[in-house]
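In order, the protein sequences belong to chains A and B. Just so you know, we're using the working numbering here: the first sequence kicks off at 1 and counts up by one. Just so you know, we're using the working numbering here: the second sequence kicks off at 596 and counts up by one.
No lab work stands behind these hints: they were computed from the structure. All values reported here derive from a predicted model rather than from experimental measurement. Don't take every hint at face value.
Stated by the list, open to error - Derived CB-CB ranges, DEER-like:
no., chain 1, residue 1, chain 2, residue 2, range
1, B, LYS757, A, LYS557, 42 to 52 Å
2, B, ASP739, A, ILE4, 28 to 38 Å
3, A, THR71, B, THR712, 46 to 56 Å
4, B, GLY639, A, GLU483, 42 to 52 Å
5, A, GLU435, B, THR712, 35 to 45 Å
6, A, LYS479, B, SER624, 30 to 40 Å
7, A, THR102, B, GLU710, 48 to 58 Å
We treat Cβ as the ideally placed atom computed from N, Cα and C, and that holds for glycine.
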Amino acid sequence: MNKIRTQLMLCGGTGCHSTGSIAVKEAINNELRRHGLNEEIQVIETGCNGFCALGPVMLVHPEGIFYQKLTIDEVPKLVEEHFLKGRPYKKLQYVDPASKETIPIMNDIPFFAHQMFWVMRNKGIIDPEIIDEYIARDGYFGVAKALKEMTPDQIIEEVKTSGIRGRGGAGFPTGLKWQFAKASPGDVKYVLCNADEGDPGAFMDRSVLEADPHAVLEGMIIAAKAINSRQGYIYVRTEYPLAIKRLEIAIRQAREYGLLGKDILGSGFDFDVEIYQGAGAFVCGEETALMRSIEGKRGMPRPRPPFPAHKGLWEKPSVLNNVETLANIAQIIVNGGKWYASVGTETSKGTKVFALSGAVNNIGLVEVPMGTTLRTIIYDIGGGIPKKKKFKAVQLGGPSGGCVPEEFLDTPVDYEAIVKVGAIMGSGGAIVMDESTCMVDMARFFMDFIQDESCGKCTPCREGTRRILEILNRICDGKGEPEDIETLKELSYTIKDSALCGLGQTGPNPVLSTLRYFIDEYNAHIFEKRCPAKRCVALLKFEIDPEICTKCGLCFKSCPSDAIEWKKKEVAKIDKSKCVKCLTCFDKCRFGAIF
Amino acid sequence: MNEDFQHPDITQDMLKEINEIISTNKNKSGASITVLRNSQNIVGYLPVELIDYISKGLNISSSELFGIASFYSLFSMIPKGKNTIRICLGTACYVKGIKEVMERISNQYKIKEKETTPDRRFSLETVRCLGACGLAPVMVVNQDIYGAMSSDRVLDVLDRYK
């Protein structure tokens, strides 16, 4: 066997795939062969590294050197410099935007330095398509321990001690959920994994499935042992083809190794898992709707009780856990619940993965211990707001959540603390908005989403969200009326109180939270017919302020419909008959001269 | 199975494949979505007549199957164009200006969401977050993903798809 001196861990997550990592991999392999290095240097395609904004990214083992934004054109130089001559190739290394210094080692980069990898402990380290690599990282030890040494009650006790709560959004204690399902009478029970990650702006579950699918399977097997189930289902969004492919490979390999199927590890315990693909309906992330969908019906929720722990899939007792929750389980079993509970706050234990995106420098996947402040996530890890713009708010929990403004940025990541400031932990989407985001328009965006995804079963959600959307549309169109704000509040509280499922009950949250923190923007739209963020087209004049205009001509060059007249050293002018109101010039103007 | 079923967009080979899908899934509980998905993959969309045909094969009422097909956004009952444009309407893309990209496409090709151009060159679809927020705003044409899309670049990109 050849001795491999260096391994190149090339990110193969969806983000890096789409910035070209597959072609880069081929190019590196070609270059290595050309220099005869292919026997000592190996390229490994890993799961999502997390630093999606800089993709494709690569980590050089064992030195831990990090390369970003790889392109096919740069590959020959990279291979020659680093692997032939032995000096790191500076051009592709990370430069700290503040100090302008190059940071060669991955763990020294602030984005990684403030994180704590539990759920993502294998990201970028193993090839997710090879089960042996997972096992080499103590994979399936949790299953071995749970199946051979522990009783179902001991497993449940350990999970309860850990204090882990559902990572899908609601935060229900996982151990308790299992206990209810175990106590339910019946021979046939199901373990379900919710991988229907529908919140726009959330991609943690996808990355976990892509980077470490066996961790999720392991969690499911342990859950099955705890509640005595023989069959599991993973409900995955159809929009995640790579995650589905990696799961299929993982299940096949686990079966070959006797980790799924009959008599797992000779313990006499049988359990198998099937993948079920969703068909594009946000409401199917709700537990009862998800089960309906697996049954092949319209995915509509039903009233609870009975809870799924008593009557779930095909009316049998079922446990439904989120991907991230399940990915934690094996480590809790191996290291003990006390170990897990040692990190976090009073009521929220362990770590939480956030999908950090929007108007922030370092977009990507971030795992932090519970109790970390939002400010640390956005500024220390996220690197702050690009283009010198001002922070406005961060939206947590997607369309069911709310926004957190500047004054509450020191709120810790904790289920209860986040609810107090009017948002929810949710599944972990964290979308940062700067001053150019209009909060009324944002509320309208979420309401448009909710009313489109409302399944139509209950009246408050079906009719109420439509009415809210109509009012918000009117406000953004400059036709808002003074009484609109009261009507919005009344509708929102009524829907929250009376809707059937979580989608409706939380749907008005973005409206309520923007009303709470950004009432000034609503007032400006309604009373002054003005959009302070300059996003609502109907409220813009499309004129240029000659006082502010620096005569630079950027707007003229960017206009797609030749509607802007400009000559050197002259103030630009917009011809309204040609203008298509696309807002391109608003984005290009650095001085805010267009209004 | 009704051998006389005919539809201009469905060839005999396609029908043969669909028949196979129906017979393998016939007695499985909860298979209706799988059958619809696989059939749509073969034909490209789900003509109403085909839904009717499948419902007979699966022995469930056509209204129930139609109800399922219309509930999930994956299923389309109108023909698809040669190229499918999918616009991500996730929050991150929205914050970074996907709305303007969408409007530019709509204005240029005179199509709205879920429509196909008369020459069947493009179909315009929207998706609820592709989970590639690091690349926002994101547009997908067929299998090609375009990140950091902007309203001034989008038409140049689409021009490559004839």
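(Q) Between the beta carbons of GLY639(B) and GLU483(A), is the distance compatible with 42 to 52 Å? (A) Distance hint for GLY639(B), GLU483(A) holds at roughly 49 Å.
Q. Quick one: are THR71(A) and THR712(B) within 46 to 56 Å, going by C-beta?
A. violated, 34 Å
Q. Should the hint that ASP739(B) and ILE4(A) are 28 to 38 Å apart at their CB atoms be regarded as holding?
A. Because 34 Å falls inside the window, the suggested range holds.
Q: Given the hint of 48 to 58 Å, check if THR102(A) and GLU710(B) actually sit that far apart at their C-beta atoms.
A: Holds: the Cβ-Cβ distance is about 49 Å, inside 48 to 58 Å.
Q | Assessment of proposed distance window 42 to 52 Å (beta carbons of LYS757(B), LYS557(A)) | A | At 28 Å between Cβs, range violated.
Q. Okay, GLU435(A) versus THR712(B) on CB: inside 35 to 45 Å?
A. Holds: the Cβ-Cβ distance is about 38 Å, inside 35 to 45 Å.
Q | Outcome of range test on Cβ distance (LYS479(A), SER624(B); 30 to 40 Å) | A | About 51 Å separates the Cβ atoms of LYS479(A) and SER624(B), which means 30 to 40 Å is violated.
In the structure shown, a violation is registered for the earlier hints numbered 1, 3 and 6, in ascending order.
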